[in-house]
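Sequence lines, in order, name chains A and B. For the first sequence, the numbering used here begins at 1 and goes up steadily by one. For the second sequence, the numbering used here begins at 1001 and goes up steadily by one.
Since the hints were derived computationally from the structure, they do not count as laboratory data. Every residue gets a Cβ at the ideal spot worked out from N, C-alpha and C, and that includes glycine. Some hints here could point you the wrong way.
[What the hints assert, rightly or not] Just the calculated beta-carbon pair ranges, DEER-fashion:
1) Pro-1061(B) <-> Phe-14(A): 43 to 51 Å
2) Glu-16(A) <-> Gly-1028(B): 36 to 44 Å
3) Ser-28(A) <-> Ser-1095(B): 19 to 27 Å
4) Ser-1027(B) <-> Ser-52(A): 24 to 32 Å
5) Leu-56(A) <-> Pro-1061(B): 26 to 34 Å
6) Ser-1095(B) <-> Ser-9(A): 29 to 37 Å
7) Asn-41(A) <-> Gln-1017(B): 35 to 43 Å
8) Ile-60(A) <-> Gln-1041(B): 20 to 28 Å
9) Asn-61(A) <-> Gly-1028(B): 20 to 28 Å
10) His-1010(B) <-> Thr-5(A): 30 to 38 Å
11) Ser-1027(B) <-> Gln-42(A): 35 to 43 Å
12) Gln-1041(B) <-> Ser-70(A): 23 to 31 Å
13) Asn-41(A) <-> Phe-1060(B): 19 to 27 Å
[What the hints assert, rightly or not] Simulated coverage check for chain A against chain B, where a stretch passes if three residues somewhere in it have a Cβ under 8 Å from a Cβ of chain B:
14) 42-49
15) 103-110
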Amino acid sequence: AQSVTQLDSQVPVFEEAPVELRCNYSSSVSVYLFWYVQYPNQGLQLLLKYLSGSTLVKGINGFEAEFNKSQTSFHLRKPSVHISDTAEYFCAVSSTSGTYKYIFGTGTRLKVLA
Amino acid sequence: DAGVTQSPTHLIKTRGQQVTLRCSPISGHKSVSWYQQVLGQGPQFIFQYYEKEERGRGNFPDRFSARQFPNYSSELNVNALLLGDSALYLCAVGSGTTYETQYFGPGTRLLVL
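Start from the sequences and build out the full structure, keeping to the hints where you can.
Okay, structure coming up:
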C-alpha cells in the first residue's frame, strides 16, 4: 500500500519569491510520482511526473521537482512565483505495476501575495 | 486535461436518489479511472477500468458502480445517495500500460440535499 503526506496545508508566499511544496510518500513497491495543480472550480492539470531516470524533473509553468529515494520525498519548487500560481497543488503516487491508481495527498494551497 | 470531457458539469440530487455521471476519453486512451474529491481533500480512487474490465476498486460501498463501453467512454453510477456523496467526481484517462500518466477531466460537481 502507498500513502502520501503533504506536510503544509497552506503556503503563503510573496510574488517573485521562491517556493517549495513538500511531499513525502510511503510505499513497499516502486512508484511513479506526480504533481498536479487544481485551479478553483476546475479539474486537475498535470505539472510534472517522475517515472524513471534523472531525479530532477522539470514541468510546466517553471516548476520542477526532485525525487529523493532515500528520503522518500518529491518536493516541488519554483524559483519565482506569480500571482497566477495561486492554486491547490496535489502530490500523487502510483504503483509501477498492477492497478495504476493514484494515491493523492491532501493538497497544499499556495497563495501568492502581491 | 487532454480533451477528457465529463457530463454533466453540475448536478443537484436529494438523498436516496440515483445518479449517473459520464466520461468521454480522447482517442487512444483505453483506461478510465474515477475519483471522488470531497471539499478540502485530495481525490480518492473509486474504480479503474481497462478494456471494459474492472481492474481496480477503491474502498467505496457497493452503491457505487461503473462500466466502460466499447468506445472506452465510461459511466459512474451511485445509488441511494447520501449527503456525504456530495463531492467533485473526476474522471481520468490513461493508456492502461506501464508508465501510465492519467489525464483528468474537469469533473462533475454533485450536491446531495
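Here's how the hints hold up against the structure:
no. : hint                                  : in the structure
1   : Pro-1061(B) <-> Phe-14(A): 43 to 51 Å : holds, 45 Å
2   : Glu-16(A) <-> Gly-1028(B): 36 to 44 Å : holds, 40 Å
3   : Ser-28(A) <-> Ser-1095(B): 19 to 27 Å : holds, 25 Å
4   : Ser-1027(B) <-> Ser-52(A): 24 to 32 Å : holds, 26 Å
5   : Leu-56(A) <-> Pro-1061(B): 26 to 34 Å : violated, 42 Å
6   : Ser-1095(B) <-> Ser-9(A): 29 to 37 Å  : holds, 33 Å
7   : Asn-41(A) <-> Gln-1017(B): 35 to 43 Å : violated, 24 Å
8   : Ile-60(A) <-> Gln-1041(B): 20 to 28 Å : holds, 24 Å
9   : Asn-61(A) <-> Gly-1028(B): 20 to 28 Å : holds, 26 Å
10  : His-1010(B) <-> Thr-5(A): 30 to 38 Å  : holds, 32 Å
11  : Ser-1027(B) <-> Gln-42(A): 35 to 43 Å : violated, 23 Å
12  : Gln-1041(B) <-> Ser-70(A): 23 to 31 Å : holds, 29 Å
13  : Asn-41(A) <-> Phe-1060(B): 19 to 27 Å : holds, 24 Å
14  : 42-49                                 : holds (count 6)
15  : 103-110                               : holds (count 5)
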